[in-house]
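Colleague: Top line first, the protein sequences correspond to chains A and B.
Heads up: the first sequence begins at 7 in our numbering, then just goes up one per residue.
Heads up: the second sequence begins at 7 in our numbering, then just goes up one per residue.
Treat the hints as calculated values from the structure; they're not laboratory data.
Do not take every clue at face value.
To be verified - When the alpha-carbon atoms are kept at most 30 Å apart in a straight line, the in silico BS3-like pairs for lysine-lysine are as follows:
# : chain 1 : residue 1 : chain 2 : residue 2
1 : A       : 103       : B       : 231
2 : B       : 103       : A       : 240
3 : B       : 231       : B       : 286
4 : B       : 316       : B       : 46
5 : B       : 240       : A       : 103
Since the structure is predicted, the reported quantities are computational estimates derived from the model, not experimental observations.
Number of protein chains: 2
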Amino acid sequence: MHTIEELRDIFEAYTESHPFNREPQELYAPMAYIMGMGGKRLRPLLALMGAQLFGDAVHGALPVAMAVEVFHNFSLVHDDIMDEAPLRRGQATVHQKYGANAGILSGDAMLIYAYEFLRQVDNQAAIPRLLREFNRVAVEVCEGQQYDMNFERRQDVKIEEYLRMIELKTAALIEGSLVMGAVAAGAPEPDLKELAVFGRNIGLCFQLQDDILDTFGDPEKFGKKAGGDIVQNKKTFLILKALELARGETRTELARLMSSNPEDERQKVRRVTEILQQLKIREWAEQMKEEIQHTALAALGRVAVPDSRKAPLRDMAMRLIRREA
Amino acid sequence: MHTIEELRDIFEAYTESHPFNREPQELYAPMAYIMGMGGKRLRPLLALMGAQLFGDAVHGALPVAMAVEVFHNFSLVHDDIMDEAPLRRGQATVHQKYGANAGILSGDAMLIYAYEFLRQVDNQAAIPRLLREFNRVAVEVCEGQQYDMNFERRQDVKIEEYLRMIELKTAALIEGSLVMGAVAAGAPEPDLKELAVFGRNIGLCFQLQDDILDTFGDPEKFGKKAGGDIVQNKKTFLILKALELARGETRTELARLMSSNPEDERQKVRRVTEILQQLKIREWAEQMKEEIQHTALAALGRVAVPDSRKAPLRDMAMRLIRREA
Chain A
7 MHTIEELRDI
17 FEAYTESHPF
27 NREPQELYAP
37 MAYIMGMGGK
47 RLRPLLALMG
57 AQLFGDAVHG
67 ALPVAMAVEV
77 FHNFSLVHDD
87 IMDEAPLRRG
97 QATVHQKYGA
107 NAGILSGDAM
117 LIYAYEFLRQ
127 VDNQAAIPRL
137 LREFNRVAVE
147 VCEGQQYDMN
157 FERRQDVKIE
167 EYLRMIELKT
177 AALIEGSLVM
187 GAVAAGAPEP
197 DLKELAVFGR
207 NIGLCFQLQD
217 DILDTFGDPE
227 KFGKKAGGDI
237 VQNKKTFLIL
247 KALELARGET
257 RTELARLMSS
267 NPEDERQKVR
277 RVTEILQQLK
287 IREWAEQMKE
297 EIQHTALAAL
307 GRVAVPDSRK
317 APLRDMAMRL
327 IRREA
Chain B
7 MHTIEELRDI
17 FEAYTESHPF
27 NREPQELYAP
37 MAYIMGMGGK
47 RLRPLLALMG
57 AQLFGDAVHG
67 ALPVAMAVEV
77 FHNFSLVHDD
87 IMDEAPLRRG
97 QATVHQKYGA
107 NAGILSGDAM
117 LIYAYEFLRQ
127 VDNQAAIPRL
137 LREFNRVAVE
147 VCEGQQYDMN
157 FERRQDVKIE
167 EYLRMIELKT
177 AALIEGSLVM
187 GAVAAGAPEP
197 DLKELAVFGR
207 NIGLCFQLQD
217 DILDTFGDPE
227 KFGKKAGGDI
237 VQNKKTFLIL
247 KALELARGET
257 RTELARLMSS
267 NPEDERQKVR
277 RVTEILQQLK
287 IREWAEQMKE
297 EIQHTALAAL
307 GRVAVPDSRK
317 APLRDMAMRL
327 IRREA
């Protein structure tokens with residue numbers, strides 16, 4: 007069995023032996039650029055760990071790991087165009103560096119290459135099942151992105167709608183990465199069902215933790231400016247819960263602040279954070295996360311492989327939930 | 007065996023029973039809009055005819071036919087964004103009607119749905135082979151689009167580069183549609199090879215005829231304004247061949263006209279067309295088309311099925327070459 011760090015090395019070696027360096031270079035250079043930016047490779051690691059649950063031959067699942075990473079990067083490139091984001095992982099986004107058209111077309115090609123990697127899985131008998139799972143996840147990610155954009159224009163988003171949105175946009179791919187790795191290793195259907203519950207709920211915790219850290223995290227550790235979601239008027243769980251709990255003038259003020267775009271962003275972030283603290287929103291979010299995490303771990307417990315096999319995956323889940331991976 | 011018109015009805019019934027009407031409607035409405043614009047359904051017809059060569063059960067290949075049509079429409083949506091085209095088939099393009107972001111995201115979802123239809127083929131054993139072919143074609147279409155955009159900025163495009171570009175951007179999908187239909191019907195590999203040669207060369211003729219009609223066609227029959235390629239300074243086969251044949255002042259004038267954007271477009275179109283006529287470029291193009299068509303039909307002749315089975319496909323090929331389908 008491999009540790010998380012060993013799996014990461016195995017995956018990096020695979021990406022290096024599969025560079026995007028074909029012609030025309032105007033198409034492939036943006037793909038190489040975003041893939042070379044690094045990132046934590048969480049999804050391919052989950053794919054390899056899903057495979058490792060059911061055997062030691064993780065190398066056969068490397069094409070699946072690559073498929074989910076290439077898909078993830080495709081979605082970043084197109085999302086960044088839609089969001090007009092100038093920076094990604096501290097560097098210029100693809101459309102910023104190469105233009106919007108290059109971002110669109112290279113993104114399309116990455117989506118296609120994701121399917122091409124998937125097809126190269128060692129266990130060819132798994133292809134129909136892998137394709138079904140991949141398509142389901144990919145459609146959900148698009149639907150999630152659409153809901154996310156819709157919610158920017160709505161003032162009446164409900165907490166359950168928000169949770170459904172992050173389930174689609176973020177958790178589905180985390181779930182799918184794990185499940186597809188297990189499919190590649192020949193896992194039986196009942197185990198796949200449990201793994202799906204585990205993965206989806208870990209994915210929800212992962213996003214909730216992102217929401218928490220965006221407001222309450224140490225900017226130096228987290229690598230982002232604190233309060234970015236508040237500045238952008240994002241209706242995350244924190245804000246939606248606060249709007250649910252707040253009464254009277256506080257509620258009016260919070261609603262007003264979260265639809266404003268003031269010159270003094272720091273003052274807005276400070277005041278919204280104060281209100282969230284008064285309402286103990288962080289505690290609410292932590293409690294919610296713990297419940298979801300409990301559901302996740304219970305499902306992992308029901309996967310019919312020896313507990314020792316699950317250790318690295320449980321470790322990885324904890325890192326994801328704390329966003330320390 | 008079904009006629010072309012019967013196959014078109016069978017395909018239309020299938021598309022009507024698979025509407026894009028899920029939630030969120032902001033994602034699905036643009037997909038339904040472009041799919042509902044109609045068009046000639048050439049690629050799905052070719053898929054069904056590829057299947058019909060090898061048996062009468064064409065219904066099993068309907069998901070493949072749908073996959074190539076959805077893919078084709080995805081490529082139109084994204085190409086129209088990149089080209090900033092306001093109109094498609096006489097109606098507002100998707101990005102014009104719904105915005106660029108909706109065009110990007112709905113296009114992405116259509117690309118994914120193309121794979122999802124492919125997966126639903128009756129002959130599940132064919133999925134790995136279908137996926138390989140689909141990925142190859144899809145990558146080639148992206149590469150072709152990139153070359154097409156590159157050529158807009160280049161003044162030294164060679165005829166063989168142009169032919170390679172249209173082979174990727176247009177002919178690959180015509181070839182692939184036919185081949186994937188045949189794969190769905192369980193065709194043997196040697197026949198697939200001949201069909202690929204047939205399809206690719208018919209696809210080249212199809213694009214060359216488009217180039218010819220754009221300059222020399224009857225605008226009423228063709229449905230486009232005559233000389234559109236000339237106005238846009240597109241280096242089609244006609245122009246590249248003319249630049250090769252022209253000498254002295256004529257060559258200089260043609261090169262100058264084809265990099266100009268004058269107020270009086272009609273005068274430019276008239277003068278360029280005159281030069282093409284002097285150089286007998288239409289005859290050159292027709293001769294080239296005939297040679298390619300000959301190669302295509304010879305390959306179809308070598309497909310090991312009774313000649314009577316090939317009749318509708320030969321008929322269809324003639325329609326494509328004349329763009330009368």
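Colleague: Run every hint past the structure and note whether it holds.
Modeller: Going down the list of hints, with the structure as the test:
no. : hint          : verdict
1   : A:103 / B:231 : 36 Å, violated
2   : B:103 / A:240 : 27 Å, holds
3   : B:231 / B:286 : 22 Å, holds
4   : B:316 / B:46  : 21 Å, holds
5   : B:240 / A:103 : 27 Å, holds
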